[in-house]
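Both chains are given apart, each in its own frame, so use the hints to dock them into the complex.
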Amino acid sequence: MAETQNVYEIPIGPIHPALKEPIRFTFRVEGERIRGVDIRAGFAHRGIEFMAMKRNLIQTLYLSERICGICSISHPITITLAVERAAGIEVPPRAQYLRVIYSELERIHSHLLWAGVAAHELGFDTLLHLTWKVREQVLDLLEELSGNRIDYALPIYGGVRRDVAPEQIPKVEAMVRYYRGLLDELLDAFLRDPSVEARTRNVGILTPKEADSLCAVGPTARASGLSKDVRQDRPYLVYGELGVKAITPRDYGLEPRGDVYDKAVVRLLEVAQSLDLIETCLYEMPEGEITSFPKIPALLAFLKKAEGEGLGWHEAPRGEVIHYIRLEAGVEEPIVWKVKAPTYSNLMSWVPMFRDQEVADIPIIAASIDPCMCCMDRVHVVRDGSPGTVLKEELLRLSRAKTDRVTRHLSPVPRHGGGL
Amino acid sequence: MTADQVKKALASAVPGLEVELRPRPVGVRTRVEVPELWAEIPREGLVPAVAALKAAGPLHISVISGRDTGEGIELLYHFAAGYGTPGGEVTVTLRVTVSKADPVLPSICGLLPGSETAEREKIEFLGVEFTGIPSTAHVFLPDDFPGYPWRKDDPETAKLVNRLVEWEGKNG
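Protein chains in written order, with the working numbering: chain V, 1 to 420; chain A, 1 to 172.
For reference, chain A alone in the conformation it holds in the complex (with noise of 0.2 Å):
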């Protein structure tokens, strides 16, 4: 797949979406420069966008990382799309910003059930829900975790990064 045809994919469910392409020089004798594109979208946005995707050819998530802002969550939704062909797999990532007070987002998971880790992980991790996934059981934190350790307002947290200075005698 080309990044002309993934930009159209997008273009065509999220109509005004700005798509930043950035080229990735890769290779010694012969460079080439794989794309990566780069969108900030609103959350509405989501599911269309990756519905255009998954219409447009193969489509493979890696991963959703995420990070508190202060005022609200960042989210980044990492795909793949088009695999299958040498060099033919774009690198898309949708950034999505919720705010604190709603920290509501669509799941993908019916689109692509392969992202039901990523979300149910950044269920634990940043306190954000997402309506219509199939399980919110967590991942990787036990049951009666207090906190989400990558929210920096949070008050369970910061007594966890008080004992890790404490432990590791970086307070003096």
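Extracted from the complex, chain V is given alone in its bound form (with noise of 0.2 Å):
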């Protein structure tokens, strides 16, 4: 497949075993420059869509949660607003404040997990330990609300399972504070680090106009300056009151770029918009219901009788998920379910950021759209038609004599941005 005697094909993958769409992606190489990129996702495709066309809408409800544990709260919300629409379920007030505190609550878990990983395949294993550290914060906070800290079961057909407790509230307002004290930190550490610059500035970049056309979504999008976030453009739960705005580098300071500098700008801004978030719900929930269908039986039979299609929609800490269903009455399993998770948006987005970038950067690269991804396996290098196998360890420490060799005369960066 080599276009001249200097391009080499290097493909990396096809298990990534942390990726809920395993990824297998095939490099033209020249030189350490990266020419070219094949994309094939699948290796472990489960047919969860073609599982819920034999089981009925609860059940479904809790295979949705099991497409991704990072979004476990994420899938089963958009599921409920699909099916609530399509059966014409109304929510009660308090389970849609209940439902936005979980999501923020996701997100913050799932930011800090990304930063945690970026951290690592550059090289900073220090950071990464900070960065996990602090996340057990909120996970402690969701396995107190939820008894889990992953797959937490809490949203169901009409509302949701659990409330928060008037005993619980310190508990959220101390996990708020934590993290508000901890993001100045946080951002110094990121965004003010010349060898963390020095890895990702200009790295990786997605233009506004690739980012549009191939309709990325999330942090990916937002990155590119892009205003697009399901929650502001599409108000669904009580995110329309709440005044959500897309945050785009612009809201550092800065102009967008698109590279993966961007990227971690985002997601560290979006910690802060989500504890705003989860604090405003907190004081604003109104007392009252928690689900308009206490007893299972009863909802199932409802669900049973129900006739008609809808759409859910929702911002996962990667970008839009949606859902679509289609319910027949006296039919217990849904006719369609289409499962739409944002790495699926996202998945194009990687042609243009690896387009001429370093073999170096391969890791970072990948990782800056978030893909649910710790780990890469294994890298198979073919040189002449002979294949080799390269384990993922040598990736990452190629990623990692980088860091080494471009910040050893660097100096510290001067603040840029007035911070938050």
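Treat the hints with care, since some could be wrong.
Claimed, not checked - Which stretches of chain A does chain V cover? Using the computed rule of at least three CB atoms under 8 Å from a CB of chain V, they are: (1) 22-31; (2) 40-53; (3) 63-77; (4) 82-89; (5) 105-114.
Keep in mind that the hints were calculated from the coordinates and are not lab data. The structure presented is a predicted model; accordingly, all values stated were derived computationally and were not measured. The beta-carbon is built from N, C-alpha and C at its ideal position, and this holds for glycine as well.
Here it is in structure tokens:
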């Protein structure tokens, strides 16, 4: 497949155990430069949509939670919104606020997870350990509220399954205070660090035009300067009245470049935004019921009679999730259930992001769209038709060696942006 | 963008197109209605309709969903038109049905390159074809996967279902 004698092919993958849609990249490289990439997903396609056609809607709800461990609030919220729309179910006001609180808690833990992974890919394991240590606080709170660190089983058609009890409110407030106190330190560690800047500035660029035409979503699109956030553009739950604004690097006083650095800016600022939203919801949330169907058999009987189709959408930590559902009266199973996760929309964005970049930048660019990835398993290098295998560690070693190389003579960068 | 603007753009591209507005009540303190537009469109109208939506403002394709209706294959193109302003996005779903004897649709990748993944997925799962698509390589299923999992008349899929039912012990 080599176009010239000097162009080699490097396949990476296919199995990336942490990805919900595992990916194989086949890079065409000339020296250290990437000239093109082919992307192939689906090596562990589990056929979840197909499985739902054999299950009732309650079982499908729990199945939806298992699409992705990190987004185990986002998918259930989206399917409940779709089914509620199709079946005509009202959600009590308090439940709508609670859903927002749980979603924003998920965003905080997901963005901190990403920040840690990004630090690791660059070779800053101290920063990885710091970020994941502070992430524990939000996981502890999720465990306090739901009983679990991951897979919370909170949303149900017509509401949520658990309330925030009065004695838990101080714990939520303590978490908000904890992260607010820590944000400046995190911004310092990521955005004002000369080594991070040297490795992420002007690396893996996605221009606004490309982000728009490739229909990129979430922080991947916003880092390129697009004001695109489902919470802002297409109100649902109570996001409309909370006045959510899409965050771009402009909110940090920077002109968006769409590189890896900008993606870090957007995600870290969104942690602060989520804290504000949680606090507002906590105080504005009215008293009342948390579900319109407290008894599951009654809900199941109602759903069995429901007929119609509906869409549900949600801004997950990585971007737009959308579910389409079609129900027929007398049939327990959904006739159609289509799930679209954010990585699906961001898949094509990798192509321009990798173009003309260095092999050593593959890990950080791949991680920059946050494809739920924490490890790449192996790399095959095909040179002159003789395949050899390079482990993922080798790629990581290249990335870290580059960090050492580019940061050897760096002095601290002046602070830019006024912070928050 | 408003629902009327989107409706007007669609009507100018495909004369006689009936667009249904399904307002979606949202919010607790201040209830607003988020517009959802749904339209059944002939396959010849698809490209002009998408071109008109694109010309009207920022356009995003969420996904294409679909099903086997028995006689034909129904595809639903879920778009969102006009991102960038609070509450300014209108969801537009275009429903296109093709017969199983001629399951060919025009690709919209030329207008909206972001729709390639969604189109390629439909080739694998429903056995439809898109004219003008840049690549028809599989995205999710293995290259040698037999059949189309979302087709209800597909013998390979039927075998798969039988195995699943057997495995779950539901055949008793």
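Hints, one by one, checked against the model:
1. 22-31: Check passed, 6 qualifying residues.
2. 40-53: Per the Cβ count (0), the hint is violated.
3. 63-77: Holds: 5 residues of the stretch 63-77 of chain A have a Cβ under 8 Å from chain V.
4. 82-89: holds (count 8)
5. 105-114: holds (count 3)
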